[in-house]
Each structure stands twice: as C-alpha cells, then as structure tokens.
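So the protein lines, in turn, are chains A and B.
In case it helps, our numbering puts the first sequence at residues 122 to 580.
In case it helps, our numbering puts the second sequence at residues 4 to 100.
Hints listed in this document are in silico derivations from the structure and should not be mistaken for laboratory results.
Where hints are given, some of them may not hold.
[Claimed, not checked] DEER-style ranges, computed between Cβ atoms:
#1 A:His-126 <-> B:Tyr-12: 19 to 25 Å
#2 A:Trp-373 <-> B:Thr-65: 25 to 31 Å
#3 B:Thr-65 <-> A:Thr-123: 30 to 36 Å
#4 B:Met-15 <-> A:Tyr-520: 56 to 62 Å
#5 B:Thr-65 <-> A:Thr-152: 38 to 44 Å
#6 A:Ala-131 <-> B:Thr-65: 17 to 23 Å
[Said to hold, decoys possible] Output of the computed footprint for chain A on chain B, the stretches with three or more beta carbons under 8 Å from beta carbons of chain A:
#7 54–63
#8 73–83
[To be verified] Some chain A residues near chain B, calculated using beta-carbon distances under 8 Å:
#9 Thr-123
#10 Gly-178
#11 Ala-180
#12 Gly-220
#13 Pro-324
#14 Gly-326
#15 Thr-341
#16 Leu-370
#17 Ala-384
#18 Asn-385
#19 Gly-466
#20 Asn-469
#21 Glu-474
#22 Asp-531
#23 Ala-569
The structure displayed is predicted, hence computed values, not measured ones.
The beta-carbon is built from N, C-alpha and C at its ideal position, and this holds for glycine as well.
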Amino acid sequence: MTLVHWLIQAAYFIAAVLFIVGLKRMSSPRTARKGFYAAGAGMLLAVVVTFFLPGVGGATNLILIFIALGAGGVVAWISGRRVQMTAMPQMVALYNGMGGGAAAAIAAKELIYGGEPGAGAIVLAVVGALIGAVSFSGSVVAFTKLQGWFSALRFRGQNFFNAGVLAAAALFAALAIIYPGNGGVLFIFFLVALVLGIAATVPVGGADMPVLISLYNAMTGLAVAFEGYVLGNPAMIIAGMIVGASGSLLTWLMAKAMNRSLANVLFAGFGETEVAGEVEGSLKPIDAGDAAAMMGYANHVIIVPGYGMAVAQAQHKVWEFVKLLRDHGVKVSFAIHPVAGRMPGHMNVLLAEAGVPYDLIHDLEEINEEFATADVALVIGANDVVNPAARTNKSSPIYGMPILNADKADNCIVVKRGKGRGFAGVENELFFRDNTRMLYGDAQDVAAQLIQSAKELLG
Amino acid sequence: MTYGFVALYIFMLAAFTGYEVISRVPSILHTPLMSGSNFIHGVVLVGAMISLGTATTPLGRTIGFIAVILAVANAVGGWVTTERMLAMFKTSRDQNK
C-alpha cells in the first residue's frame, strides 16, 4: 500500500466517522446544525481525495468531471435555494432520485466495463442498479405528482400489471447476472427497472407520498451501499447502509403513524374507496371576528396545522396571530400529527420558517391529553388527522390511526376552504359537532382576518 | 472472499448504526433528517467520480458524466435544502436575544 493510497483510505475512514457523528448529532434540535456540518465536512473530504485515487485521471476525464460537477452543482444549488419551504418535500424527492440514478449509472458502467469482478460483485451491482433505477424514476414521478402536475392514476388490473412489470424486472435482473456484460440484456433490464419505478409510484395517493419518498430515500441509500461494494469503496458502503437502515426505520415509523402497512400504502390506494355513512348534524359557520374573540378570551388555545396551511402559505400570518394572542396572555400550543403535511415534520419546518419557537410545538403524544383542558382547538387545513372516525368507525379507511383529540377541547374552530372531504375521502364528524364552528376560506386570508379582528378587539 | 465477508460485517454494523441513530430522533427533526440522510447518500458522488475518472471509452465517459451530474445534484441539493431547514430552528430564548 503506497502512502497516497493509505492517506486516501484514511480520509474515507474519517469521512465515514463524520457521517455517523453528524447523523447522531442531528438527533437533537440544538446540535443538529453542527452535526450536519460535520457530515458536510466528511463529504467534502471524501470527494477531494477521490481525485487522487489511483486510476482516476486522464486530462479528458478530469475536465469532464469538473464540467459535470460545475453544471450539476450550480443547477442544484440555485434550485435548492429558490424552492419554497412548502415545496421542500418534492425537492427532497427529486434530489434523492438523482442519487438513485447516479447509483444505477455507476452500476451500468461497471457491468459493461467491469471485466470479471466476481459473482458477489455482479449480483450486488445488478440489485443496486435495480433499486437505484426504481428510486430514480419513482422519485421523479413523485416530484411531478407533488408539484400537482399529475394526480394518482388508477386503472383496472393495475396490481396485475405492476406485478407483471416486477416479474419482468426480476427476470432481466437474473439474466443480467447470468450474462454479465451483455449489452442488449442490460439495456432492457434498465428500461424495465425504470418502468417499474413509474408503475409503482403512479397509483399512490397524495396522502401517502411522504411514506413513498422516505422509502425511495432508503432505497437510494441501499443502492449506494451496494455500488460501494462493487467499487470497493467503504465510505459509500457505510454512508449508504446507514441511510438505508435509518430510512427504512423512518418509513416504517411513518406508515405506523398512519396505522397502515407499507404494502397497504403501495397497493391499496388510500382514499379511492367511497365510504358510505352519513353524519348527523349540520355544519355551523363562524366569522373571523367571533373566532378571534373566542380565542382572544381563552386561557389555552391549541392549533392543529395541516396541509391546508402549507398550501396557503399561511404559517407567517398564523404566527403573527398567535403572537397577538400571547401578548394578550393566552397560552398557545401547536399540535403536530406525525403525518400532517407531506413529510414527517413538514409542519415543524414550516412553523420554524415563520419563526415559531420549537418549544411551542408538540408531538401527538405530548399534547393529546391537553386538549381536554383547552378552551379552543383551532384546526387549520387539517382533516383526517382530527377525524374521530379513526377511533370509532371500523369501516373507515383511517380506522385505528391515532388522531389529535381536537374534539375533546371545549370548542373547536376549523379553518377550511370548502365543504370537501380530506385525502381519505371520509366525512369528518368533528365538523358536525355542536361545539365545532367552521371558518371557511383560504387559510392565509382567514389568518389575515383573524389578525385584523384580534387587533381591533385586543389591541 | 475475505473482502466479501469484511464487507458483510460493514454492511451489518452500518445498518445497526443507522437504526440506532434514528430511533431516538424527535419527530420535529424528521424532515430535516430525511433531507440530511438524503445529503449523506450523496456520497454516491465519490463512486460517480471513480466511474467517470476511470472511463476509457466514449460510452463509459457518457455514463460516468451522467452519473457525476446526477450525484452532484443529489449532494449539493441535499446540502442546500437541509441547511435551509436547520437554520430555521430556534427556541424562544434564541429569539429574545
């Protein structure tokens, strides 16, 4: 082992340590940023030493590397800087897909030019390529769906069709392993793998997208780890495997929070089934003035934000309103359901963007008992996560999902654009209860009206 | 063969590490964490650079070039988005400063 080679391997080792330490420190809000910088330093180190790796070089190759680094880096930097916080989930999906695509491309090159790498390496290269390619095309479709360019597409026999695509992908993966380096087989293999990613993502409903994005994130990690084995690069193996494991756990936690299995998310099509059952009672509207008064003279208000708040970009206005309430001595807390929004913690990020201190923001477990003693629960653009049917109605598609107990508060005010149903397509009996009032309108407009009223009333 | 088994141990230990690290994370950090782990698998850039750096044919270079572009987008995009999210987390105390 030459000195240069030794130094490079030492650098990869340090990078791996920094990744682990960084991820570990990201598990607390106070150290998260420093931890992330540690991971960034590890990445920079790993990338820089790769230039000195034996075999990497040649003027043409180096120039091409710099062009690709510059072009891809600048585009990603600008798009990442410009994207709205609300659109963050789809950007994460897109960047994640890029990583999966890169892993698949690495596999393609190794399978074509890799020579005789041994059976283990070929198997992992092909499996990694399959996972990476599915993650790539699937993430791109997820991105377009979350952007609102497409909605879930379902057709008769879709599961059979998808099973067929899966079988074809498995078949060509096997062929690619048996006949390594066969260009024709590889071409069809990659094509089928890409189709599989699209086919798997197309039927998944909007509410389930976070779970899917998390799953693709884990898959990309796994693909990176496998290609790391093929290239003999421990930094890739360790970083990829850590993401693969942590991402799988995160995916499972998210599916569990919705009380659904992963298979259910992928194949069942949440919200597509029409649920019978009428709800007793009527919807009782309230205007912003009365709502502001009700909250202004309350002791404790709990706010339940949902995707409606994100879509309307209402988080800043909501926080402004909350500050007025707090100045008036009202205790205000935010209650975040694990699957509110489009990613776990999506609401936390949006509220943080608006400047809400995170000690006002509480998880479901922390705050659910407090609803019983709260005067007002203000539900902003959330629906299924406060639907009591999840507790009682066994035929409901959301039955069993833990919900926020907004219905246990003395009063409940629901900010909603119209009378439509939530993503699950279920009527929400909470809206029909005697102590519930509906405040119709776009969340941002409503928040502005609330601010206005609160200023007149409490100012 | 030793390489295969050593790699197997690495796979296993890294998997446990990833599992352990995540299992104690409060849900407030789930989105930054997903985004952060998205950044970490951007290390695929190292592989993409090896791929392009060792290429000898036009097709090999093309594939390697695509790999580097995609990988650097993963790494840089993952960095920027996570950084932006983490920059926002403050406590009441920080705000009063």
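Results for each hint:
no.: 1; hint: A:His-126 <-> B:Tyr-12: 19 to 25 Å; in the structure: 22 Å, holds
no.: 2; hint: A:Trp-373 <-> B:Thr-65: 25 to 31 Å; in the structure: 38 Å, violated
no.: 3; hint: B:Thr-65 <-> A:Thr-123: 30 to 36 Å; in the structure: 31 Å, holds
no.: 4; hint: B:Met-15 <-> A:Tyr-520: 56 to 62 Å; in the structure: 38 Å, violated
no.: 5; hint: B:Thr-65 <-> A:Thr-152: 38 to 44 Å; in the structure: 43 Å, holds
no.: 6; hint: A:Ala-131 <-> B:Thr-65: 17 to 23 Å; in the structure: 33 Å, violated
no.: 7; hint: 54–63; in the structure: holds (count 9)
no.: 8; hint: 73–83; in the structure: holds (count 11)
no.: 9; hint: Thr-123; in the structure: 17 Å, violated
no.: 10; hint: Gly-178; in the structure: 6 Å, holds
no.: 11; hint: Ala-180; in the structure: 11 Å, violated
no.: 12; hint: Gly-220; in the structure: 4 Å, holds
no.: 13; hint: Pro-324; in the structure: 22 Å, violated
no.: 14; hint: Gly-326; in the structure: 20 Å, violated
no.: 15; hint: Thr-341; in the structure: 5 Å, holds
no.: 16; hint: Leu-370; in the structure: 5 Å, holds
no.: 17; hint: Ala-384; in the structure: 21 Å, violated
no.: 18; hint: Asn-385; in the structure: 20 Å, violated
no.: 19; hint: Gly-466; in the structure: 4 Å, holds
no.: 20; hint: Asn-469; in the structure: 4 Å, holds
no.: 21; hint: Glu-474; in the structure: 5 Å, holds
no.: 22; hint: Asp-531; in the structure: 26 Å, violated
no.: 23; hint: Ala-569; in the structure: 22 Å, violated
Checked against the numbered hints given earlier, the structure breaks hints 2, 4, 6, 9, 11, 13, 14, 17, 18, 22, 23 and satisfies all the rest.
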